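Enquirer: Chains W and G supply the protein sequences, listed in that same order. Under the working numbering, the first residue of the first sequence is numbered 1, with each subsequent residue one higher. Under the working numbering, the first residue of the second sequence is numbered 1001, with each subsequent residue one higher.
Honestly, the hints are just simulated from the structure, not real lab data. Be aware that a few hints might be false.
Derived SDA-like pairs: lysine to any residue, alpha-carbon spacing no greater than 20 Å straight-line [what the hints assert, rightly or not]:
hint, chain 1, residue 1, chain 2, residue 2
1, G, 1048, W, 48
2, G, 1048, W, 31
3, G, 1048, W, 50
4, G, 1048, G, 1063
5, G, 1048, W, 47
6, W, 75, W, 53
7, G, 1048, W, 63
8, W, 75, W, 55
9, G, 1048, W, 55
10, G, 1048, W, 56
11, G, 1048, G, 1068
12, G, 1048, W, 66
13, G, 1048, W, 65
14, G, 1084, W, 35
15, G, 1048, W, 128
16, G, 1048, W, 51
17, G, 1048, W, 34
18, G, 1084, W, 31
19, G, 1048, W, 59
20, W, 75, W, 18
21, G, 1048, W, 53
22, G, 1084, W, 54
23, G, 1084, W, 61
24, G, 1048, G, 1058
25, G, 1084, W, 48
26, G, 1048, W, 18
27, G, 1048, W, 75
28, G, 1048, G, 1069
29, G, 1084, W, 26
30, G, 1048, W, 38
31, G, 1003, G, 1019
32, G, 1048, W, 60
33, G, 1048, W, 49
34, G, 1048, W, 102
Away from chain G, derived, C-beta distances all over 10 Å, residues of chain W [stated by the list, open to error]:
hint, residue
35, 9
36, 42
37, 59
38, 64
39, 70
40, 124
Treat the numbers as computed from the prediction; the structure is a model and nothing was measured. Virtual Cβ for every residue (Gly too), placed ideally from N, Cα, C.
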Amino acid sequence: MTAADRPLAKPRPIYLNLMAIRQPVPAIVSILHRISGVLLIVAGIPVLLWFVGASLASPERYAAAYGALTSWFGKLVLLALAWSVFHHVLAGIRHLLLDIHVGLDLAPARRSAAVVLVVALLLTLACAVRLW
Amino acid sequence: MHKLAVGAHYGGWDWLVQRATALVMLAYSVLLLGIVLWNGGLAYPVWKGLFANGAFRVVTFVFMAALLYHAWVGARNVLMDYAKPTGLRLALMIAVVALLAAYAAWTAQLLWGGA
């Protein structure tokens, strides 16, 4: 009996539904690396340029910009951007280490992905505590 | 199949650019952190003085150039993976280029516009 004739123990998946597949931690870190990067392009860079511009223009415009950033909504935006920076930079450093063959095996790669995910969230939490 | 080692745009150049620009940004971040620590925080006169310094302006512009190039390579990768119809992909890529060019102009204005 060849492998092709053997009855299947259970039906094989015939499609790849991303919502139905349990994603391993490195995959989650990878997609969040992309999402945080896109967030930084559409919101992080303009907020940074706007705030630096206001801070250099005059003490009054700095005070106004500071007020906007520390409003309830401003703090939420700041927190989302802080997480984006933390996650993106940490995931990026992990990438650079993988490039020079540090932690390339499956177990350490999974561990470092978990570290990136958790440390970025902890740093964001620290920012949240500091902001409120 | 005959493959070109260089200049064929298989992605090796973008791979290298993404890492080189990341290292430039990390170096600038360390420099900025060093300046903050050296001055014991960032009081307003220190902050203003920093941007009045010609060398700091140039280094800051190099950081922004690295950031924008890095953003382009990343955005292009994302669009190549998710924006499948050619017309849509092209339109989004043009939008990204326009956005990043605007950021570059804004940066130059902040640094040398005298505002």
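Enquirer: Taking the hints in turn, state whether each one holds.
Expert: Comparing the hints with the structure gives:
1. Taking the CA atoms of residue 1048 of chain G and residue 48 of chain W, the gap is about 16 Å. The hint holds against a cut of 20 Å.
2. Between residue 1048 of chain G and residue 31 of chain W, the direct Cα distance comes to roughly 38 Å. Violation of the 20 Å bound is thereby established for this hinted pair.
3. The hinted pair formed by residue 1048 of chain G and residue 50 of chain W meets the criterion: a straight-line CA distance of about 16 Å does not exceed 20 Å.
4. Under the criterion of a C-alpha separation no larger than 20 Å, the hint pairing residue 1048 of chain G with residue 1063 of chain G is consistent with the structure, at around 18 Å.
5. Straight-line distance between C-alpha atoms of residue 1048 of chain G and residue 47 of chain W comes to about 19 Å, which keeps the hinted pair within the 20 Å bound.
6. At roughly 19 Å between alpha-carbon atoms, residue 75 of chain W and residue 53 of chain W fall within 20 Å of each other, so this suggested pair holds.
7. Between residue 1048 of chain G and residue 63 of chain W the CA atoms are separated by roughly 15 Å; this keeps the pair inside 20 Å, and the hint holds.
8. The hinted pair formed by residue 75 of chain W and residue 55 of chain W meets the criterion: a straight-line CA distance of about 18 Å does not exceed 20 Å.
9. As the CA atoms of residue 1048 of chain G and residue 55 of chain W are separated by approximately 9 Å, the hinted pair is consistent with the 20 Å bound.
10. Between residue 1048 of chain G and residue 56 of chain W, the direct Cα distance comes to roughly 6 Å. Compliance with the 20 Å bound is thereby established for this hinted pair.
11. In summary, the hint linking residue 1048 of chain G to residue 1068 of chain G is not supported, as the alpha carbons are separated by about 24 Å, beyond the 20 Å threshold.
12. Of the supplied pair hints, the one linking residue 1048 of chain G and residue 66 of chain W holds, its CA atoms being roughly 16 Å apart against a limit of 20 Å.
13. With a C-alpha separation of about 16 Å, the suggested pairing of residue 1048 of chain G with residue 65 of chain W holds against the 20 Å cut-off.
14. Distance check on the hinted pair: residue 1084 of chain G and residue 35 of chain W sit about 18 Å apart at the alpha-carbon level, within 20 Å; holds.
15. At roughly 28 Å between alpha-carbon atoms, residue 1048 of chain G and residue 128 of chain W are farther apart than 20 Å, so this suggested pair is violated.
16. Restraint check for residue 1048 of chain G and residue 51 of chain W: the C-alpha separation of about 13 Å stays at or below 20 Å, so the hint holds.
17. With a C-alpha separation of about 34 Å, the suggested pairing of residue 1048 of chain G with residue 34 of chain W is violated against the 20 Å cut-off.
18. At most 20 Å may separate the alpha-carbon atoms for a hinted pair to count; residue 1084 of chain G and residue 31 of chain W meet this at roughly 18 Å.
19. As the CA atoms of residue 1048 of chain G and residue 59 of chain W are separated by approximately 11 Å, the hinted pair is consistent with the 20 Å bound.
20. For the suggested pair residue 75 of chain W and residue 18 of chain W, the alpha carbons sit about 32 Å apart, so the restraint of at most 20 Å is broken.
21. A threshold of 20 Å between alpha carbons decides the hint, and for residue 1048 of chain G with residue 53 of chain W the separation of about 11 Å falls inside it, so the pair holds.
22. Distance hint between residue 1084 of chain G and residue 54 of chain W is unfulfilled; the C-alpha atoms sit about 40 Å from each other, more than 20 Å.
23. This hinted pair does not check out: residue 1084 of chain G and residue 61 of chain W have alpha carbons roughly 43 Å apart, beyond 20 Å.
24. Of the pairs offered as hints, the one joining residue 1048 of chain G and residue 1058 of chain G holds, with about 15 Å between alpha carbons and a cut-off of 20 Å not exceeded.
25. In summary, the hint linking residue 1084 of chain G to residue 48 of chain W is not supported, as the alpha carbons are separated by about 31 Å, beyond the 20 Å threshold.
26. This hinted pair does not check out: residue 1048 of chain G and residue 18 of chain W have alpha carbons roughly 50 Å apart, beyond 20 Å.
27. Among the hinted pairs, residue 1048 of chain G with residue 75 of chain W is inconsistent with the structure: their alpha-carbon atoms are about 25 Å apart, more than 20 Å.
28. At most 20 Å may separate the alpha-carbon atoms for a hinted pair to count; residue 1048 of chain G and residue 1069 of chain G exceed this at roughly 27 Å.
29. The straight-line distance between the Cα atoms of residue 1084 of chain G and residue 26 of chain W is roughly 25 Å, outside the 20 Å bound, and the hint therefore fails.
30. About 30 Å separates the Cα atoms of residue 1048 of chain G and residue 38 of chain W, which puts this hinted pair outside 20 Å; it is violated.
31. For the given pair, residue 1003 of chain G sits about 24 Å from residue 1019 of chain G by alpha-carbon distance, which is inconsistent with the 20 Å threshold.
32. Distance check on the hinted pair: residue 1048 of chain G and residue 60 of chain W sit about 14 Å apart at the alpha-carbon level, within 20 Å; holds.
33. Distance hint between residue 1048 of chain G and residue 49 of chain W is fulfilled; the C-alpha atoms sit about 15 Å from each other, no more than 20 Å.
34. Distance restraint check for residue 1048 of chain G and residue 102 of chain W: the Cα-Cα separation of roughly 41 Å exceeds the 20 Å cut-off, and the hinted pair is therefore not satisfied.
35. Every CB of chain G is more than 10 Å from the CB of residue 9 of chain W (nearest about 34 Å), matching its label as outside the interface.
36. Remark: the non-interface label on residue 42 of chain W conflicts with the geometry, its nearest Cβ contact in chain G lying 8 Å away (cut-off 10 Å).
37. Listed as outside the interface, residue 59 of chain W is inconsistent with that label: its C-beta sits roughly 7 Å from the nearest C-beta of chain G, within the 10 Å cut-off.
38. Every CB of chain G is more than 10 Å from the CB of residue 64 of chain W (nearest about 15 Å), matching its label as outside the interface.
39. For residue 70 of chain W, the shortest C-beta to C-beta distance to chain G comes to about 16 Å, beyond the 10 Å cut-off, and the non-interface label holds.
40. At roughly 17 Å, the least C-beta separation between residue 124 of chain W and chain G is larger than 10 Å, which holds for a residue marked as non-interface.
Checked against the numbered hints given earlier, the structure breaks hints 2, 11, 15, 17, 20, 22, 23, 25, 26, 27, 28, 29, 30, 31, 34, 36, 37 and satisfies all the rest.
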